[in-house]
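Listed below, chain by chain, are the residues.
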Amino acid sequence: MKRIKILLIVFIVGIYACRPKPLEIDIQAAPPKLVVASQIVPETVLGVIVTRSFTALQHEIYNEGSKSVSQEFTNNIIVQNAFVTVKYAGITDTLFAVDTIPGLYVSAKTLQIPYQEYELNVYDPVLNESVSAKSSMLPAVKFDTVYPIVKGAKEINLKFSFKDFEGQNWYLLNVYKANNNSNIANLDVNSIPFSTGKNQLIQTQLINDVVYNTKNIDIELQLKDVTSADTIGVTIANISEGYYTFLQAQSKIDGIISQFFREPVNTPTNVQNGYGYFSAYDPDVKIIDIGKY
Amino acid sequence: MLAQKRVISGYVSDSLSKESMIGVSVFDQKNKQGNITNSFGFYSISLPADSVEISFSFVGYSTQIIKLLLERDTTMNVVLHHEISQVKEVKITALKNKDQDGMSLNELKIDPKKLITMPSFAGETDPLKIMQLMPGVKAGQEGTNGIYVRGGNADQNLILLDDAPVYNPGHLLGFFSVFNNDAIKDVKLIKGGFDAQYGGRLSSVVDIRTEDGNMRKTELEGGVGLLSSRFTVQGPIKKDTISYMVGARRSYIDQLSKLTNFAVPYYFYDLNAKINYKMNAKTRLYLSGYFGNDILTIGQANKDQYGTLSGFGFNLMNSTATLRLNREHSAKLFANYSLITTGFGYDVSGQFSGNSILVRSTIRDWGAKADYNYYANDKHFVKFGGFFTTHVFTPNFISTSGEITEFIKSRVPNTIYMNEFAAYASDQYKVNSKFVLNYGLRLSGALVQQTSYMGLEPRIMTAYQLTKKFAIKASYSRMRQYMHLVSSSTVSLPTDLWYPVTKNVRPLYSDQYTLGAEWTLAKIKSKVVVEGYYKKMHNVIQYKEGADILLNDKFENEILAGLAEAYGGEFFIQKQAGRFSGWVGYTLSWSLNYFAELNKGKAFYSKFDRRHDLSIVLNYKVNDRWNLSAVWVYMTGARFTPQIGQYFMPNSSLTEINVIPIYTDRNAVTMSPTHRLDISATLMSKPEKKFKYDLVFGVYNVYNRASPFVVEIARSSNGSLTYQQPGLFGIVPYFAYNFKI
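Each protein sequence line maps, in turn, to chains A and B.
Read the first sequence against the numbering used here and you will find it ends at 293, with the numbers running on by one and no gaps.
Read the second sequence against the numbering used here and you will find it ends at 1741, with the numbers running on by one and no gaps.
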């Protein structure tokens, strides 16, 4: 029996040792392009983040031994000296770079005009590249009602309703909570939907009105990771179909499972000659202290 | 004045076993008319009432010539004797006897008994793998036995075992087929020019018949390989009246691995059984069945309330049963009636940290069919019949407990019933001695969830013998398919599921045209076949970008319907006789998909669009005891969609950053080519010995080259990241011992 065992081990080791050397294949990398992300704080500011795409074979993204992105890598992909403008209604606003957040360009004077088309232009003088994108500011949707239904300490539903606009529409609902659940003061109301590190997006719901037959859309949503002691921020926005599709695609590539079991996703973009999405929308924000319900 | 016609009919059987023989040429030398025996060994020919000289011939058997004066309708059962010299040449033929019409690369026959000397992976002889060496048939990935025929997907092949469809033809996640070579009598692959009797899939039919059981004496047959062993016994229950066959196979890697302290808790087994009852001279009854299981068990041996395995494990179950009644209603009319059930199901279960999950899916068919062969006269051979099957789908039963219930809810699915039916008729019309026309029509349909589908499937094949050595042929076939396999294109899982068409997912259908020519090269005892094909497939399915089909019972929402087309040319030269035999098969092909919602609406190639596919099979009979074989294959690499870039993108509130991958167009990149050399040497027992054995020594992948099956990003020796294509198996030496008493 011992001989058989030795023979088997030798055979298995031998087979393993003969594993063929993997073949290398040269695949042309996608050339780096400018990436645009935008956000609007209602009545406050229009912000655009400009970065650069990078190869799939980039191997120095994270700090050694952690999942945090290395500063060196961040510096390489952030576009710090871009010339960013927004054109609308015959006006051209130039966005200025925020010193404390490299790659972020903001404009506090850009008017938010419903149905107005906005054209974003970004020029990177370092690489001599430019991209552009257009987006229409859709009319802001407002909550008719929004309140929690407390079914248990960890079983909270969110009930909300709003009036659907004419035609086919798409909406985005985001739910935030403060990182420290116990203290209402930690929810940075003014920063919503911008993050200062204190707010945490805990849930996103994309709504396509074709699913609902009524003009008053009434939804009850089961909240995740929320307790009766939390304070939450809820925003709703009327978004374009393109941005809806973009967010849908983005949600499909979250998580490790998607890499193995899902079909590849080519995330759509409205950026000419670049990646990302320029979307102008005006969210309605509500802060809810669940403990009061 | 026309001479009066008489009918001569009967069965052809093997002299030793008395088993019926399929595909024997029955040919009247005097009138130059003939036929071949059908799947049950029956033949019938109408000849002038005159003296006739009928030859019965089959490769490996002595030709028998019978002269008689045909004054009346005559029944003549014939036995053929094995040739004394045991020539173990590999017999795979695309070219049948000269009096079989419509012959072409469209139809390939494999004699499983002659495959033992061929090189194989780990010595496991597998008819489905041999098919992958034929033109027009492409392998999926290394180690799997999935076949992709003329641009079709793997689920477009109808695999029949004694008339019962086999839904999962693979063991060990597809590394081996479920077909025990010893228990198989005949294998036929049809790629185009389909007879009207076949339907239900777009791309091919693999028709496998099991051994009937020796009517004369008990026979033992078996083999010991690296990964599994098999044993088949057959013999008479009542001599020349009732016979049986039982074949079993089991892998033992689980047992062997225990000796190395590196447990591989996986095994498979299967069982074939058949009873053959010759009720009288005109009636036979066959009862055959198959049962197979793949079992993986990691962890404890506890069972939950559903009786499934705990820890982590899966259990894949395949089963078929067929009851067939052959009836010779008259010398001209032969019928086969079948009751069929077949099923496939799996349990995948896991238990961890107080959580448990069980996923179970099944498909079960209950069906009946009737097939008639009517040998009308010397000009017309008519086939007609029909079938009805109820398919019962129970997909994604899920039972969960523990915290996992928050993410995966328990679910009792709705059972889906689909009734599928078909009726057909075809006529093989011998217009004259040179021109044969085979035309037919099939009406098929399905009723599912208050939705009905029905469609006609016309078929036509022609063959024209221009000279004695040169023939041309052409065919057209429409095929319809009412079910499909929901399977990820990125990874093959045991959880791949068959689903029926629905109100929203319409039946697939295809139109295939073929044109070919055949030469006989008598000097080198070879034949050459060249064939071209064009196939257009409608309502084929693909998944939306980012589609999640794992445990998704609303998969319909993830499906897109589109168009696919495939075209190409096939070349085949085969030397069948002599010490040196073998073949060369080459395919040049294209396979394209058109989906408005995918790849920005642009056409894209199929995953297994392999432009060049070459197989060279050589067999040299050194003497009566030694045989040498070699197989070399070359294939253009499979296609894939690599990630070629990425970027950071904040979420919709700029609170988190996601890494967004950038891909090429769908299937835009081709992996490196696959090429591999396998060799084997076989030592056979002395021909005169009663106890016969074969000792097969072989080497798989002689020069140890990786056959890419995936592209991954890996770190190279200098620390940078590169795209690499690993292969599954390197050089694998093996031996196998086969015996027969």
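The hints are simulated quantities; they were obtained by calculation from the structure and are not laboratory data.
Please read all numbers here as calculations on a predicted model, not as lab measurements.
A hint or two may mislead.
Unchecked claim - List time: in silico DSS-like cross-link candidates among lysine-lysine, alpha-carbon distance up to 30 angstroms:
no.: 1; chain 1: A; residue 1: Lys-151; chain 2: B; residue 2: Lys-1409
no.: 2; chain 1: A; residue 1: Lys-252; chain 2: B; residue 2: Lys-1544
no.: 3; chain 1: A; residue 1: Lys-134; chain 2: B; residue 2: Lys-1602
no.: 4; chain 1: A; residue 1: Lys-252; chain 2: B; residue 2: Lys-1607
no.: 5; chain 1: A; residue 1: Lys-224; chain 2: B; residue 2: Lys-1544
no.: 6; chain 1: B; residue 1: Lys-1067; chain 2: B; residue 2: Lys-1503
no.: 7; chain 1: B; residue 1: Lys-1409; chain 2: A; residue 2: Lys-224
no.: 8; chain 1: A; residue 1: Lys-151; chain 2: B; residue 2: Lys-1554
no.: 9; chain 1: B; residue 1: Lys-1554; chain 2: A; residue 2: Lys-154
no.: 10; chain 1: B; residue 1: Lys-1258; chain 2: A; residue 2: Lys-21
no.: 11; chain 1: A; residue 1: Lys-252; chain 2: B; residue 2: Lys-1503
no.: 12; chain 1: A; residue 1: Lys-159; chain 2: B; residue 2: Lys-1554
no.: 13; chain 1: B; residue 1: Lys-1409; chain 2: A; residue 2: Lys-159
no.: 14; chain 1: A; residue 1: Lys-252; chain 2: B; residue 2: Lys-1258
no.: 15; chain 1: A; residue 1: Lys-252; chain 2: B; residue 2: Lys-1600
no.: 16; chain 1: A; residue 1: Lys-134; chain 2: B; residue 2: Lys-1544
no.: 17; chain 1: A; residue 1: Lys-252; chain 2: B; residue 2: Lys-1409
no.: 18; chain 1: A; residue 1: Lys-154; chain 2: B; residue 2: Lys-1409
no.: 19; chain 1: A; residue 1: Lys-134; chain 2: B; residue 2: Lys-1258
Hint-by-hint comparison with the structure:
Restraint check for Lys-151(A) and Lys-1409(B): the C-alpha separation of about 19 angstroms stays at or below 30 angstroms, so the hint holds. A threshold of 30 angstroms between alpha carbons decides the hint, and for Lys-252(A) with Lys-1544(B) the separation of about 11 angstroms falls inside it, so the pair holds. Annotation: proposed proximity of Lys-134(A) to Lys-1602(B) holds, straight-line Cα distance about 25 angstroms (limit 30 angstroms). At roughly 22 angstroms between alpha-carbon atoms, Lys-252(A) and Lys-1607(B) fall within 30 angstroms of each other, so this suggested pair holds.
For a cut-off of 30 angstroms, the pair hint linking Lys-224(A) to Lys-1544(B) stands: about 27 angstroms separates their Cα positions. Among the hinted pairs, Lys-1067(B) with Lys-1503(B) is inconsistent with the structure: their alpha-carbon atoms are about 61 angstroms apart, more than 30 angstroms. Between Lys-1409(B) and Lys-224(A), the direct Cα distance comes to roughly 15 angstroms. Compliance with the 30 angstroms bound is thereby established for this hinted pair. A hinted pair counts as satisfied when its Cα atoms are at most 30 angstroms apart, and Lys-151(A) with Lys-1554(B) qualifies at roughly 29 angstroms.
Using a Cα cut-off of 30 angstroms, the hinted pair Lys-1554(B) and Lys-154(A) holds, with the two alpha carbons roughly 29 angstroms apart. Our distance criterion of 30 angstroms between C-alpha atoms is met by Lys-1258(B) and Lys-21(A), whose separation comes to about 28 angstroms. Note on Lys-252(A) and Lys-1503(B): the hinted pairing holds, with a Cα-Cα distance of about 26 angstroms set against a maximum of 30 angstroms. This hinted pair checks out: Lys-159(A) and Lys-1554(B) have alpha carbons roughly 26 angstroms apart, not beyond 30 angstroms.
Distance hint between Lys-1409(B) and Lys-159(A) is fulfilled; the C-alpha atoms sit about 23 angstroms from each other, no more than 30 angstroms. For the suggested pair Lys-252(A) and Lys-1258(B), the alpha carbons sit about 42 angstroms apart, so the restraint of at most 30 angstroms is broken. Restraint check for Lys-252(A) and Lys-1600(B): satisfied, since their Cα atoms lie roughly 18 angstroms apart, inside the 30 angstroms limit. Simply put, Lys-134(A) and Lys-1544(B) have alpha-carbon atoms about 26 angstroms apart, close enough for the 30 angstroms limit, and the pair holds.
Distance hint between Lys-252(A) and Lys-1409(B) is fulfilled; the C-alpha atoms sit about 20 angstroms from each other, no more than 30 angstroms. A distance of roughly 18 angstroms separates the Cα atoms of Lys-154(A) and Lys-1409(B); the hinted pair therefore holds under the 30 angstroms criterion. For the hint linking Lys-134(A) to Lys-1258(B), the alpha-carbon distance of about 65 angstroms lies beyond 30 angstroms, and the restraint is violated.
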